[in-house]
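Chains as they are written, first to last, in the UniProt record's numbering: chain P, 1 to 315; chain D, 1 to 315.
None of these hints come from the bench; they were simulated from the model.
Because the structure is a prediction, the values reported are computed rather than measured.
Hints should not be assumed to be uniformly reliable.
So the derived label-pair ranges between C-beta atoms look like this [to be verified]:
hint : chain 1 : residue 1 : chain 2 : residue 2 : range
1    : P       : D24       : D       : A233      : 45 to 55 Å
2    : P       : P124      : D       : N175      : 12 to 22 Å
3    : P       : K25       : D       : P59       : 19 to 29 Å
4    : D       : Q105      : P       : K259      : 28 to 38 Å
5    : D       : Y190      : P       : D187      : 52 to 62 Å
6    : D       : K56       : P       : D306      : 49 to 59 Å
7    : D       : N175      : P       : K231      : 57 to 67 Å
8    : P       : D187      : D       : S97       : 56 to 66 Å
9    : P       : K56       : D       : D306      : 21 to 31 Å
As a list, the in silico BS3-like pairs of lysine-lysine whose alpha-carbon atoms are at most 30 Å apart [claimed, not checked]:
hint : chain 1 : residue 1 : chain 2 : residue 2
10   : P       : K27       : D       : K307
11   : P       : K56       : D       : K286
12   : D       : K56       : D       : K231
13   : P       : K25       : D       : K52
14   : P       : K252      : D       : K25
15   : P       : K189      : P       : K179
16   : P       : K255      : D       : K307
17   : D       : K155      : D       : K248
18   : P       : K52       : P       : K307
19   : D       : K52       : P       : K56
20   : D       : K155      : D       : K231
21   : P       : K211      : P       : K255
A virtual CB, placed ideally from N, CA and C, is assigned to each residue, including glycine.
Number of protein chains: 2
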Amino acid sequence: MKQLLGVTVALGLGLVATSAMAADKIKIGVSIPAATHGWAGGLNWHAQEAEKDLEKAYPDLDFIIVTAKNPTEQANDLEDLVSVQNIDALVILPFESDPLTIPVQQVKEAGKFITVVDRGLSQPGIEDVYVAGNNSALGAQAGEYLKKRLDGKGKIVVLRGLPTTVDDERVEAFNASIKGSDIEVLDMKYANWNRDDGYEVMQDFLSRFPKIDAVWAQDDDIALGVIEAIKQADRTDEMFVIGGGGMKDIIKRVKDGDKLTPIDVLYPPAMIATAMGITALKFETKAAVEGRYILGATTVTPENADKFYFPDSPY
Amino acid sequence: MKQLLGVTVALGLGLVATSAMAADKIKIGVSIPAATHGWAGGLNWHAQEAEKDLEKAYPDLDFIIVTAKNPTEQANDLEDLVSVQNIDALVILPFESDPLTIPVQQVKEAGKFITVVDRGLSQPGIEDVYVAGNNSALGAQAGEYLKKRLDGKGKIVVLRGLPTTVDDERVEAFNASIKGSDIEVLDMKYANWNRDDGYEVMQDFLSRFPKIDAVWAQDDDIALGVIEAIKQADRTDEMFVIGGGGMKDIIKRVKDGDKLTPIDVLYPPAMIATAMGITALKFETKAAVEGRYILGATTVTPENADKFYFPDSPY
Chain P
1 MKQLLGVTVA LGLGLVATSA MAADKIKIGV SIPAATHGWA GGLNWHAQEA
51 EKDLEKAYPD LDFIIVTAKN PTEQANDLED LVSVQNIDAL VILPFESDPL
101 TIPVQQVKEA GKFITVVDRG LSQPGIEDVY VAGNNSALGA QAGEYLKKRL
151 DGKGKIVVLR GLPTTVDDER VEAFNASIKG SDIEVLDMKY ANWNRDDGYE
201 VMQDFLSRFP KIDAVWAQDD DIALGVIEAI KQADRTDEMF VIGGGGMKDI
251 IKRVKDGDKL TPIDVLYPPA MIATAMGITA LKFETKAAVE GRYILGATTV
301 TPENADKFYF PDSPY
Chain D
1 MKQLLGVTVA LGLGLVATSA MAADKIKIGV SIPAATHGWA GGLNWHAQEA
51 EKDLEKAYPD LDFIIVTAKN PTEQANDLED LVSVQNIDAL VILPFESDPL
101 TIPVQQVKEA GKFITVVDRG LSQPGIEDVY VAGNNSALGA QAGEYLKKRL
151 DGKGKIVVLR GLPTTVDDER VEAFNASIKG SDIEVLDMKY ANWNRDDGYE
201 VMQDFLSRFP KIDAVWAQDD DIALGVIEAI KQADRTDEMF VIGGGGMKDI
251 IKRVKDGDKL TPIDVLYPPA MIATAMGITA LKFETKAAVE GRYILGATTV
301 TPENADKFYF PDSPY
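Isolated chain P (complex conformation):
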């Protein structure tokens, strides 16, 4: 009887201790678009990896990752994170800027620390931290490499993404970087950041232009379609392709020294890990973290590709 009582008391104490510990944890909500493949798939994978890495480093942190299929679902997630989970901070990559601006503002007004990733909100000053890639640098890096590699002269084709500010920034910076050289852009066409469209647009380019020195595909999904078209046309020795993003299939080719894809330029889904790590610093150190973090568009070469190759990631 005494022994049983002892066990009960111990169990009781155990429960109390566990719930007290759970209550003491610092909760950081992470709200991102759901996806199993492509760039957003990589985003999901990197969020989960960062959760593991950071919770190991900081046992009093509890990351709560929620994924949404559309802006409405994401807005509902934010409500739950505040009212049910009682988070201390929110890390969010908004599905779209406009429909998420007010919901994020409400989380801010509830006194939570806010980190916004990649897509900015429609109103300035809501977030404490902003983490984003650099579209201009992505275009400029690709242009600089191309200019150097072609010795300032040659014929190229360009595949654009979707008509958005992201695409405009990339293309403007690319154009600026090759300005004044003898590089001739034979044509530019939208390929919608899509592999199939990349394939079709490139087929058209290949049929129209007998000599192409290089392709700026600006995106790794587009690049995969482009590579397929070039291989089918049996013109792999004639040109090379520069993508963008940091997809593992492309990084692997760069790493292996594939001549068709000599480099890649990063726009890394791992930026979600950066945002989570910086938000963790806010609670775990005395670091000043409020600010804007614009990631560089690192050029991936055979020499450094190892550092940016994540074979387990879906992207």
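Position chain D against the provided structure of chain P, taking the given hints into account.
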């Protein structure tokens, strides 16, 4: 005898294990100007605090903080960090841009990851990560508060720092933020980011202007001198003072609701902790960290002052 042998073997194994562990540690050199007081004193304190916090989170990290009294000493420190300590990464706040550019470039060429803090190097593209405060935002925040607080009209005086780009950026943004209002700047004078000069310049202003609504001192050291002059002139009820930086004496006054210093604007020495934390993320997570981190000039009010008050720091 057997027992003694056992002890010896155990000790031997212990030694092997310890040195193997030390060799496995990731070494991050932190090179900063030496100081026991002022902003640089705060920098030293925050570097040491970050070392404690981050080495606790990541037991395989070893931060090596070295402090220098001049640019030559700092350049020598870098050589030692590479050749003697064999660091994996360098976090540096350069004494001056020009004399440290080549030494940092040499560390980069030795294959080390480079994080530069606050003062940029004279040549772009050397560092992997750049962390800095935002001088324009510091001026703009002060101007916006002043305009709102004075209802868009009133007479103010401005104390500048030293004739440098840092000072120019602050003052240009301040002027832009009050442009179009009825705020009259009675005079602007250099006070060299120095308490004694702040006192002298403010004494002059007080003797020349019978009515002053507010003082933009732009810096907390200058602000301390200004406050002293105002108190001696017994005109504390007439005006308020806005400094800048985040000195604990000023933050404490803001926290306590002192009417003479209603707010402060941050240019935090804790940015060294941010830089160390981001560099740690590079080695401990899969986060993409190469990029530029520009900290905001957070406005410190009685409501949030607690978060930015470090009573143990010298600054």
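Exercise. Y190 (chain D) and D187 (chain P), beta-carbon distance inside 52 to 62 Å?
Worked result: 58 Å, holds
For this session: Could you say whether the range 28 to 38 Å given as a hint is met by the Cβ separation of Q105 (chain D) and K259 (chain P)?
Result: Cβ of Q105 (chain D) to Cβ of K259 (chain P): about 31 Å, so the range 28 to 38 Å holds.
Exercise. Do the Cβ positions of D187 (chain P) and S97 (chain D) conform to the proposed distance bound of 56 to 66 Å?
Worked result: 44 Å, violated
Exercise. Is the hinted pair K27 (chain P) and K307 (chain D) satisfied, with a Cα-Cα distance of at most 30 Å?
Worked result: Satisfied, since the Cα-Cα distance of roughly 18 Å is no more than 30 Å.
Problem set entry | Straight-line alpha-carbon gap K155 (chain D) to K231 (chain D), limit 30 Å | Distance ~19 Å between K155 (chain D) and K231 (chain D) Cα, so the pair holds.
For this session: Given the hint that K189 (chain P) pairs with K179 (chain P), test it: the Cα-Cα distance must not exceed 30 Å.
Result: 19 Å, holds
Problem set entry | Range hint 21 to 31 Å (beta carbons of K56 (chain P) and D306 (chain D)) holds or violated | With a Cβ separation near 29 Å, K56 (chain P) and D306 (chain D) satisfy 21 to 31 Å, so the hint holds.
Problem set entry | Pairwise hint evaluation, K307 (chain P) against K52 (chain P), where the allowed Cα distance is 30 Å at most | It holds: about 19 Å lies between the C-alpha atoms, which stays within 30 Å.
Exercise. Is the straight-line distance between the alpha-carbon of K56 (chain D) and that of K231 (chain D) 30 Å or less?
Worked result: Between K56 (chain D) and K231 (chain D) the Cα gap is close to 45 Å, so the pair fails against 30 Å, i.e. violated.
Exercise. Given the proposed pairing of K252 (chain P) with K25 (chain D), does the C-alpha separation stay at or below 30 Å?
Worked result: OK: K252 (chain P) and K25 (chain D) at ~29 Å, within 30 Å.
Exercise. Holds or violated: 49 to 59 Å for the Cβ distance of K56 (chain D) and D306 (chain P)?
Worked result: 29 Å, violated
Exercise. Taking only the CA atoms, is the gap from K255 (chain P) to K307 (chain D) under or equal to 30 Å?
Worked result: This hinted pair is violated, its Cα atoms lying about 46 Å apart.
Hint check: violations occur at hints 6, 8, 12 and 16; the rest are consistent with the structure.
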